[in-house]
Amino acid sequence: MYWTGLSPDEARESLANKDKSKKDKRMTLSKAVRSFVSDGANIGIGGFVNSRQPLALVHEIIRQGRKDLTLSFQSAGLAPELLAGAMALFPDRLHIRRLEFAYFAHEYAGISPMFRYLAENGMVAVEDWSNYNMSARFKAGAMGLPFLPVRSPLGSDIMKSNRSRTMECPFTGRTIGLIPASHPNVALIHVQEADMYGNCRIKGQTFTCPEIAMASQHTVITCEKLVEHEVVTAAPARTSIPFFAVDAVVEVPFGAFPAMCHDCYYFGQGHIAMLRQAAEEFRKGNKAGLESYYDKFILSAKDFDDYIGRIPYKELNLARQMESRSLELQKFVESC
Amino acid sequence: MYWTGLSPDEARESLANKDKSKKDKRMTLSKAVRSFVSDGANIGIGGFVNSRQPLALVHEIIRQGRKDLTLSFQSAGLAPELLAGAMALFPDRLHIRRLEFAYFAHEYAGISPMFRYLAENGMVAVEDWSNYNMSARFKAGAMGLPFLPVRSPLGSDIMKSNRSRTMECPFTGRTIGLIPASHPNVALIHVQEADMYGNCRIKGQTFTCPEIAMASQHTVITCEKLVEHEVVTAAPARTSIPFFAVDAVVEVPFGAFPAMCHDCYYFGQGHIAMLRQAAEEFRKGNKAGLESYYDKFILSAKDFDDYIGRIPYKELNLARQMESRSLELQKFVESC
Amino acid sequence: MACHAESFTPQEMLIVAGSRQLEDEKVVFAGTGLPMVSITLAQLTHAPGIIPVFEAGAVGSSLIRGLPLSVGDSRTTCKADYLQGLNAAFELTQRGFIDYGFIGGAEIDPYGNLNSTMIGDFPVGYRKPGVRLPGSGGAGDMACSCTQTLIIMAHEPRRFRRRLSYYTSMGYFDGSPDARKKAGLQGKGPYRVITTKALMGFDEETKYMKILATMPGETVESVQEATGFELMVDPDAYEYEPPLKEEIRLIHEAIDTQGYFVKREMKQ
Amino acid sequence: MACHAESFTPQEMLIVAGSRQLEDEKVVFAGTGLPMVSITLAQLTHAPGIIPVFEAGAVGSSLIRGLPLSVGDSRTTCKADYLQGLNAAFELTQRGFIDYGFIGGAEIDPYGNLNSTMIGDFPVGYRKPGVRLPGSGGAGDMACSCTQTLIIMAHEPRRFRRRLSYYTSMGYFDGSPDARKKAGLQGKGPYRVITTKALMGFDEETKYMKILATMPGETVESVQEATGFELMVDPDAYEYEPPLKEEIRLIHEAIDTQGYFVKREMKQ
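Residue numbers (my numbering), protein chains in the order written: chain R, 300 to 635; chain P, 300 to 635; chain L, 151 to 418; chain Y, 151 to 418.
Everything labelled a hint here was simulated from the structure, so no lab data went into it.
Note that the structure is predicted; figures quoted are calculated from it, not measured.
There could be a bad hint or two in this list.
[Stated by the list, open to error] Below, computed lysine to aspartate or glutamate pairings styled on EDC-like, alpha-carbon distance capped at 20 Å:
| hint | chain 1 | residue 1 | chain 2 | residue 2 |
| --- | --- | --- | --- | --- |
| 1 | P | K366 | P | E426 |
| 2 | Y | K278 | P | E426 |
| 3 | R | K459 | R | E426 |
| 4 | P | K324 | L | E175 |
| 5 | P | K459 | Y | D271 |
| 6 | P | K524 | P | D323 |
| 7 | R | K459 | L | D324 |
| 8 | Y | K360 | Y | E306 |
| 9 | P | K319 | P | D308 |
| 10 | L | K338 | P | E312 |
| 11 | L | K332 | P | E309 |
| 12 | L | K332 | R | E467 |
| 13 | L | K278 | R | E419 |
| 14 | R | K324 | Y | E175 |
| 15 | L | K176 | P | D323 |
| 16 | L | K338 | L | E173 |
| 17 | R | K319 | R | E309 |
| 18 | L | K229 | L | D174 |
| 19 | P | K321 | P | E527 |
| 20 | P | K322 | L | E175 |
| 21 | L | K229 | P | E527 |
So here's chain R without its partners, still in its complex pose (with noise of 0.2 Å):
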């Protein structure tokens, strides 16, 4: 059995020799790649297909470039689409090795282009699973435990694609699937509210991202806002991931955009959908408008916020007032 990121040995003796203490992680965008992101890393991607994806980092890992990444992640569209283009334009400067995932895609918005075009000229490894494993092995990671029983997608080509195991129960005899733990290098994780010392607030659903910060010997959160520390332990089981799972905090408004952040801003639809086409067209012979999507809004911008900036504000408010209007009743009632 191989391993990609760490074995659980190895996530257990790299996080019993961690310092667990709660000290200021502030830090930069491009500190927080530098020293957590490195070549060869197995990275654990958090949010949910087009929401809360960590957009801020990836476009610092582009930026900064690296090689011979593993992406983990259960449903993801815009972060690993972002990378998978860079490899496409720049090879020399991103490389991805491999993709352990369920579902790579912008459902309503459509197929992944540049997925394709890496997946189809075998160009990356990929290792298919279904959500739920990909999503139980961060939780067996989470858990220190080096696999976890599942009951699906048992029977299927899925569990072929894959290190997954069939074996019988030893309690009631019927067949039934362990999957190993998934313990990343690194897992980049964009959230609404974090304190300084790392302790994160995810509003809404929080999908898999405590698990595979949990899971991960390195966390790196972008929020959308600090918040005093005060908050944090005013209501402590509000928590979703705690701070001695976490090894940097940049704060990063917009950090997600184009994605979706529940209750920041719903989904740039007009960015997301330019994006697509110029990576339709890239699949198709086209390079020039994924070129210069790239170099317009990452290689050229100094920073995320540059990179924000460019965007034009009447998408931003638009998707802002999307989100935050459809949320008013809600919050209303939850203020009372």
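Here the structure of chain R is known, so what remains is to put chains P, L and Y in place on it, guided by the hints.
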């Protein structure tokens, strides 16, 4: 392999065939116990040691009388102790056949004399587990898995006392423990707030209450207060137990007294000391004190409100004040 | 008296049929896209007590805030009873809380097995497939662990195949007795296949796909012609009731007002 | 200049020694009773950055609301960073987040194994033990999965036994090389045993219990006499520093003001 309560396949079948619709589940304590606690039942007890013990339900079970019970819990004091005392005093009324548990005592208030009495006289079958084992057994049940792997307490006599197994991990080659799911016939859980459909909002630590509720065939909830359904839907992330895992909801203020209930009341220390003293004297051969306790507080009480009415007001008030005053600062900050 | 729409597209018929298959007061695990539209339509018509579950973590939501564009969209959390994450949603499913899973797929075989992974030759061509599809997502899990599944998809010969390139979401395997149970699965398997041309079920004994009804304008022959394998035909096969005007109105005016999933052009 | 207490009880010395063994900025899983008192004392003196974890679900709490009478007490949640339930707490432990587990037991053997289950003959007498103790609780788990464990207990011959009635919380097993690893455990095992009479560690090679220091008023001989097996003695064994006045004051005036766990009578 034998199962107490339901086997995983039986538990699945029972739930699949169950009406899971959103219906009004409010009923009286008496009806809830009559409907869902049968002779021969494996009872999952919520709470932790003497916090949120489901004592209103325990009193009602003693009043109605039940035979051949199995009690499953991780750490508990008053709930199983009151049942054990009832068995010692009135074996024709109440009979416990078996205990599956990790810890049975009162922490600061010392050991549980009635447990010692039953165990040292060989009157009850015991199966020792660790706290994590029992919690993980309920969790396996809640997850719909026949077992979970665990790393503790490998090598101990606990593993020889119970139905756990060890195997070589097929991924790491190292030894790992496997503990079978627990699917009680009925879970008894006391919470602070629930709506009429059974959605529960637990404040403070959740202990293992959500897992016990979701693992069990039936779940009976007592709550300090019923809340409007809209309170639940306004902040659904704070729902600890979803309605479709619940069969009955009974509003019982002070429903855990003299155990404590986070945010509602602290330990009824005088009452616990009195009960424990009577039990300790029973163990040493003097039955009168314990008999009079049961008569005064349980058997001659019409219902749990009647029992609470027999507790001196100043004891109830002290327990309320001790809890609310110590939480004041925290609640003030939270409300800002 | 029912007032039927005078014209409607096959996709509209598909959505309406999906909605009508949903029983009131059942727990339904919603796949992305058309299942979300059908569930909302059912909630607005005959089945207000449906309890939707979304794989990203929401249970019991009302989709009154607008149609979610993703099962992870904040709109799926509106007025929910319970809100956690993916593991919780799939654990509910594995435990048995879900009555119906509502899923789609790119290809289907006669036993209700689905492919949403790749077109090509598995395992030989796995590393360089002819067409790479998005992958299982949660559909593979729903197909295994929901008590029953409803499958919704466009009816085209290339999608209805005797043999799939890749088996992503398991139906009745090869139709052999107890195949699902032997594989370790808990759910009963596919209950209905709802397409643009027919409503289908599965033969009780052989688990082979069978026409129960043809959509308005279709015949057993036209359905068979659009299918890459031979279908069984129920002796009581009937013509499916066309959409009501009100159903069509709700789809466009109350549910998918922006036309994200439901196209508006009239084809019939 | 350190100002030592003029008189103190063995229990007070025990609590103070427990506190002093705690390193600042480490994550400490707190057993019930004396460990909670020692941790709070450490937080109020040399180790304000200690991060306590309670098995009922609280992480990073400040016990300023009053000494909890239970690890499930609402007081353990005060100013916590993170608050869940038992599974979460033990999963953190299993994962490796806990530097030290702080536990007690009724009996201990030379290899740091503990019994808190029964006195009698296991397995024969399991169904009718001579004395039935409360059971493992979480101690058996902490002993296995915390990176290291600290053991705190009263020093009496009946508690220090060559062979235990029942092995609840595993230390170094029989002392054989890699015994813990072979059993599947992740933590390193017991680091220190703190008693009313001595501070002890374990021989690096044989994993056998060894006196590192004797408590004030005790000697190697008096410690040995109170121990049911022969102890090793570190060549550098020293006399442990007595409690400071301030430590004693904090125990009674700031921590266990009601005397739930710490008795007040003066014995020395």
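Here is what the structure says about each hint:
As the CA atoms of K366 (chain P) and E426 (chain P) are separated by approximately 19 Å, the hinted pair is consistent with the 20 Å bound. Only pairs whose Cα atoms come within 20 Å are accepted, and K278 (chain Y) paired with E426 (chain P) is accepted, the gap being roughly 12 Å. At most 20 Å may separate the alpha-carbon atoms for a hinted pair to count; K459 (chain R) and E426 (chain R) meet this at roughly 10 Å. Distance restraint check for K324 (chain P) and E175 (chain L): the Cα-Cα separation of roughly 15 Å lies within the 20 Å cut-off, and the hinted pair is therefore satisfied.
Proximity of K459 (chain P) to D271 (chain Y) is assessed by CA-CA distance (about 14 Å); at most 20 Å being required, the pair is judged to hold. With a C-alpha separation of about 15 Å, the suggested pairing of K524 (chain P) with D323 (chain P) holds against the 20 Å cut-off. Using a Cα cut-off of 20 Å, the hinted pair K459 (chain R) and D324 (chain L) holds, with the two alpha carbons roughly 17 Å apart. Of the supplied pair hints, the one linking K360 (chain Y) and E306 (chain Y) holds, its CA atoms being roughly 16 Å apart against a limit of 20 Å.
At roughly 18 Å between alpha-carbon atoms, K319 (chain P) and D308 (chain P) fall within 20 Å of each other, so this suggested pair holds. Taking the CA atoms of K338 (chain L) and E312 (chain P), the gap is about 11 Å. The hint holds against a cut of 20 Å. Of the supplied pair hints, the one linking K332 (chain L) and E309 (chain P) holds, its CA atoms being roughly 16 Å apart against a limit of 20 Å. The hinted pair formed by K332 (chain L) and E467 (chain R) meets the criterion: a straight-line CA distance of about 11 Å does not exceed 20 Å.
For the hint linking K278 (chain L) to E419 (chain R), the alpha-carbon distance of about 5 Å falls within 20 Å, and the restraint holds. With a CA separation close to 15 Å, the supplied pair K324 (chain R) and E175 (chain Y) stays within the 20 Å bound. For a cut-off of 20 Å, the pair hint linking K176 (chain L) to D323 (chain P) stands: about 16 Å separates their Cα positions. Note on K338 (chain L) and E173 (chain L): the hinted pairing holds, with a Cα-Cα distance of about 17 Å set against a maximum of 20 Å.
About 17 Å separates the Cα atoms of K319 (chain R) and E309 (chain R), which keeps this hinted pair within 20 Å; it holds. Among the hinted pairs, K229 (chain L) with D174 (chain L) is consistent with the structure: their alpha-carbon atoms are about 18 Å apart, no more than 20 Å. Taking the CA atoms of K321 (chain P) and E527 (chain P), the gap is about 14 Å. The hint holds against a cut of 20 Å. Distance hint between K322 (chain P) and E175 (chain L) is fulfilled; the C-alpha atoms sit about 9 Å from each other, no more than 20 Å.
Of the pairs offered as hints, the one joining K229 (chain L) and E527 (chain P) holds, with about 13 Å between alpha carbons and a cut-off of 20 Å not exceeded.
Comparing the model with each earlier hint shows no violations; every hint is respected.
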